[in-house]
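Let's have the full structure, built from the sequences with the hints guiding it.
Chains Z and F, in that order, give the protein sequences. Take the first sequence: its position 162, counted from the start at 1, is 177 in my numbering, and no numbers get skipped. Take the second sequence: its position 46, counted from the start at 1, is 49 in my numbering, and no numbers get skipped.
Simulated from the structure, these hints should not be mistaken for laboratory data. Check the hints yourself; a few may be wrong.
Stated by the list, open to error - Listed next, the in silico DSS-like pairs over lysine-lysine satisfying Cα-Cα at most 25 Å (straight line):
| hint | chain 1 | residue 1 | chain 2 | residue 2 |
| --- | --- | --- | --- | --- |
| 1 | Z | Lys446 | F | Lys117 |
| 2 | Z | Lys230 | Z | Lys446 |
| 3 | F | Lys330 | F | Lys187 |
| 4 | Z | Lys443 | Z | Lys230 |
| 5 | F | Lys186 | F | Lys117 |
| 6 | Z | Lys446 | F | Lys118 |
| 7 | F | Lys117 | Z | Lys443 |
| 8 | F | Lys330 | F | Lys253 |
| 9 | Z | Lys230 | Z | Lys402 |
| 10 | F | Lys187 | F | Lys253 |
| 11 | Z | Lys443 | F | Lys118 |
| 12 | F | Lys118 | F | Lys330 |
Since this is a predicted model, take the numbers as computed values, not measurements.
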Amino acid sequence: MDPLILSRMQFGANISFHILFPTITIALGWVLLFFKLRYNATNDSAWMRAYFTWVKVFALSFAMGVVTGVTMSFQFGTNWPGYMQKVGNIAGPLLAYEILTAFFLEAAFLGIMLFGFRRVSNRIHTLATVLVAGGTTVSAFWIIALNSWMQTPAGFEMRDGVAHAVDWWAIVFNPSMPYRLVHMLLASGLTVSFLIAGLSALRYLAGDRSESMWKALRTGVFTAAILIPIQIFAGDQHGLNTLEHQPQKIAAMEANWNTGPNVPLVLFALPDEAAKDNKFEIAIPDGASLILRHSTSGVVPGLNDYPGNHPPVFPVFWGFRIMVGTGLLMLAVSWSAAFFLKRRHSLPRPLAMLMVPMAISGWVATLAGWYTTEIGRQPWLVTGILKTADAVGPVAGSHVALTLAIYLVLYVLLLIAYLGVLVHLALKAAKDGDSSPLPGVMNAALSQPAAGE
Amino acid sequence: MTYDWPTAMPLIFAGLMGLAILIYVILDGFDLGIGILFAVAEDAEQDTMIAAIGPFWDANETWLVLAVGLLLVAFPLAHGVILTALYIPVFVLLVGLILRGVAFDFRAKVPAGKKHRWNRIFFLGSIIASLAQGYMLGVYVLGLDIGPGGMAFGALVALCLAAAYAAMGAAWVIYKTDGELQKKAVRWLRTALVLTALGMAAVSLATPFASPRIFDKWFVWPEMLYLSPLPILSALLFLWLWRQTFHLPKPDDRGALTPFLTLAGIFVLGFAGLAWSFYPYVVPDRLTIWQAASATESLAIILVGVVVVLPIIIFYSFYAYRVFGGKATDLTYD
Numbered sequence: 016m017d018p019l020i021l022s023r024m025q026f027g028a029n030i031s032f033h034i035l036f037p038t039i040t041i042a043l044g045w046v047l048l049f050f051k052l053r054y055n056a057t058n059d060s061a062w063m064r065a066y067f068t069w070v071k072v073f074a075l076s077f078a079m080g081v082v083t084g085v086t087m088s089f090q091f092g093t094n095w096p097g098y099m100q101k102v103g104n105i106a107g108p109l110l111a112y113e114i115l116t117a118f119f120l121e122a123a124f125l126g127i128m129l130f131g132f133r134r135v136s137n138r139i140h141t142l143a144t145v146l147v148a149g150g151t152t153v154s155a156f157w158i159i160a161l162n163s164w165m166q167t168p169a170g171f172e173m174r175d176g177v178a179h180a181v182d183w184w185a186i187v188f189n190p191s192m193p194y195r196l197v198h199m200l201l202a203s204g205l206t207v208s209f210l211i212a213g214l215s216a217l218r219y220l221a222g223d224r225s226e227s228m229w230k231a232l233r234t235g236v237f238t239a240a241i242l243i244p245i246q247i248f249a250g251d252q253h254g255l256n257t258l259e260h261q262p263q264k265i266a267a268m269e270a271n272w273n274t275g276p277n278v279p280l281v282l283f284a285l286p287d288e289a290a291k292d293n294k295f296e297i298a299i300p301d302g303a304s305l306i307l308r309h310s311t312s313g314v315v316p317g318l319n320d321y322p323g324n325h326p327p328v329f330p331v332f333w334g335f336r337i338m339v340g341t342g343l344l345m346l347a348v349s350w351s352a353a354f355f356l357k358r359r360h361s362l363p364r365p366l367a368m369l370m371v372p373m374a375i376s377g378w379v380a381t382l383a384g385w386y387t388t389e390i391g392r393q394p395w396l397v398t399g400i401l402k403t404a405d406a407v408g409p410v411a412g413s414h415v416a417l418t419l420a421i422y423l424v425l426y427v428l429l430l431i432a433y434l435g436v437l438v439h440l441a442l443k444a445a446k447d448g449d450s451s452p453l454p455g456v457m458n459a460a461l462s463q464p465a466a467g468e
Numbered sequence: 004m005t006y007d008w009p010t011a012m013p014l015i016f017a018g019l020m021g022l023a024i025l026i027y028v029i030l031d032g033f034d035l036g037i038g039i040l041f042a043v044a045e046d047a048e049q050d051t052m053i054a055a056i057g058p059f060w061d062a063n064e065t066w067l068v069l070a071v072g073l074l075l076v077a078f079p080l081a082h083g084v085i086l087t088a089l090y091i092p093v094f095v096l097l098v099g100l101i102l103r104g105v106a107f108d109f110r111a112k113v114p115a116g117k118k119h120r121w122n123r124i125f126f127l128g129s130i131i132a133s134l135a136q137g138y139m140l141g142v143y144v145l146g147l148d149i150g151p152g153g154m155a156f157g158a159l160v161a162l163c164l165a166a167a168y169a170a171m172g173a174a175w176v177i178y179k180t181d182g183e184l185q186k187k188a189v190r191w192l193r194t195a196l197v198l199t200a201l202g203m204a205a206v207s208l209a210t211p212f213a214s215p216r217i218f219d220k221w222f223v224w225p226e227m228l229y230l231s232p233l234p235i236l237s238a239l240l241f242l243w244l245w246r247q248t249f250h251l252p253k254p255d256d257r258g259a260l261t262p263f264l265t266l267a268g269i270f271v272l273g274f275a276g277l278a279w280s281f282y283p284y285v286v287p288d289r290l291t292i293w294q295a296a297s298a299t300e301s302l303a304i305i306l307v308g309v310v311v312v313l314p315i316i317i318f319y320s321f322y323a324y325r326v327f328g329g330k331a332t333d334l335t336y337d
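Structure (structure tokens):
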């Protein structure tokens, strides 16, 4: 295979594996802060038990995020040297600010957050939790700014074939940036709330009825139930923004081959790029026109307007459907769970069993969404400025293939180990329940549990 | 040479990048070294050794991201050339760093029966990452020569750097522990020092002959005179530290941090020598820092952030090391 597609697969594999963990830590930092503040306010030790259970998940996810993040900083040079040569003047500062303001903030204060209970005052420890949560969020801000700029570049000019910054405000707050940032932060919130709800449901199924389980379960379910409708609305706005700035991506998402009015909403199809047609299509008449233009006769852009300049249709079409389908499932599950918790103060067994695999539904939706938007940017690396094919490095295809294979094996093993540890932690917490010895008393009231507890 | 912004900016960033690499090598050096020493430590000792680096390693490794990040954003041309030439070693380094990074957490969270497996992975990841860094340094010193000679030199530097990291690790254990483990660490330090000294001597002798360019930079009058303190001071520090190892640990744990600081001093001297060998090239003999630099106005934007953030980072790094100062015995990594 040629180095281009192999490099794309390798970068895709690396960044997909990486994004799993920031998606968790961005929102989990705030959830931990919530647990901590509830404990500070109520003095109810169940909140602190919930904190201790989930701070372990945070530490593990953060470590996974750091080591895969180190990989990312090398990948630009090893696989895509053309990228920084062309747009380094703009991507450089954004990446630098990501590293400077955020990465360090998280990494340095994480130590105090995880191990500092006995060594700093409660106030400093809460402050460290705030800074870590804030750091992950600021980190996301800069990376989303850069990614959005690659989608919808603004505020620059080309001199001698190299992009130079003209207006930094326009670069950072480029047309798609606010929408993408909100969409991603909400995705992180949903991922974490379903993870917490799912692992708490596992504890519930294992017979755990402790207060800390209920508290975590309610936090997860209610957060998910609140966030999912907001996310559906934000996603719709993001789609309309894409229609305005990247219509060819919308055409591929809807598998709409011809521009025109009364475009149906395709529910299922196998897009065939050679025949420029959909096979086995199931569609709602006028649906796409109605959603995108709010009128049955609204004109929706088709792929025929962008010959040779539109993304591959099949992965974009299906990535989008997997994301939306998962989102609708999240809506159904979180609202029914919220109903039972609110009205019946219990959880039916079948629903709990459904919630356990739904623990990773956030990952599925997030990855599907990113595939939609990133593959949807092709054939461009930076829309209108740099084609992906022109940025690839001079590395032999065999080297890329070999390293790609080892990365994949490593990632599969790590993912199994990670999920295994999550289940192990949940079952251990279920066994201990509210009898788990609270770490420390008196002056060490907030210390970490000792090993083996 | 005129001193305007387009001239000064790449110099400033080369300095910042050098600083980040130096801090990384010293800080991650000790925790990689502790990973290497896992091979000779017992179970209970391993827990204490992890506790000695637990609160720091995340931040330590972030300096590597900053160093590579500065190379990426300030010298994008060089980033591309260097990392495509070192494609496979970079990959090996990353696999090593991934393995050891996740082993930190997994070894503490998996069921007790599986802990051994993660201890082994922690050792493997640490030694792989150290060797890969040394190999990359060696190949880079010879101007990204990836022929048999370059590979042999790379292997030599790899072993030398791994030994140096092990010495750093042992020095850190001396600082952070007491009792039997501390005494054991003194013996580790002595062994690692011998290996490091042998390696450094071999590398110092081989470098000028392997690279005529570096030979020309060092063995000309009067530069030779100005540069002579670097090797002489390094040798004296080595000898002094070697003698110290026969008197450690001292009563009341006096000077427990001295071996670490001495080693850090040797690293600084060695780094200064390397920097002199390369200046003004960022890719040896191919790209100077001015040829490889980003646009001045983009560097200026980054510099604003660096000037604001770097002092804060350094301040709270000191704060974190103070918070977690003292012996590591009462800290648990869970």
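Here is how each hint holds up against the structure:
At roughly 20 Å between alpha-carbon atoms, Lys446 (chain Z) and Lys117 (chain F) fall within 25 Å of each other, so this suggested pair holds. This hinted pair checks out: Lys230 (chain Z) and Lys446 (chain Z) have alpha carbons roughly 16 Å apart, not beyond 25 Å. For the hint pairing Lys330 (chain F) with Lys187 (chain F), the CA-to-CA distance comes to about 16 Å; that is within 25 Å, so the pair holds. Simply put, Lys443 (chain Z) and Lys230 (chain Z) have alpha-carbon atoms about 17 Å apart, close enough for the 25 Å limit, and the pair holds.
As the CA atoms of Lys186 (chain F) and Lys117 (chain F) are separated by approximately 29 Å, the hinted pair breaks the 25 Å bound. Pair hint Lys446 (chain Z) plus Lys118 (chain F) holds up; C-alpha atoms about 21 Å apart against a cutoff of 25 Å. The hinted pair formed by Lys117 (chain F) and Lys443 (chain Z) meets the criterion: a straight-line CA distance of about 15 Å does not exceed 25 Å. Taken as a hint, the Lys330 (chain F) and Lys253 (chain F) pair is honoured in the structure, with Cα atoms around 15 Å apart against an allowance of 25 Å.
This hinted pair does not check out: Lys230 (chain Z) and Lys402 (chain Z) have alpha carbons roughly 50 Å apart, beyond 25 Å. Among the hinted pairs, Lys187 (chain F) with Lys253 (chain F) is consistent with the structure: their alpha-carbon atoms are about 14 Å apart, no more than 25 Å. For the proposed pair Lys443 (chain Z) and Lys118 (chain F), the alpha carbon gap of about 16 Å is at most 25 Å, so the pair holds. Simply put, Lys118 (chain F) and Lys330 (chain F) have alpha-carbon atoms about 24 Å apart, close enough for the 25 Å limit, and the pair holds.
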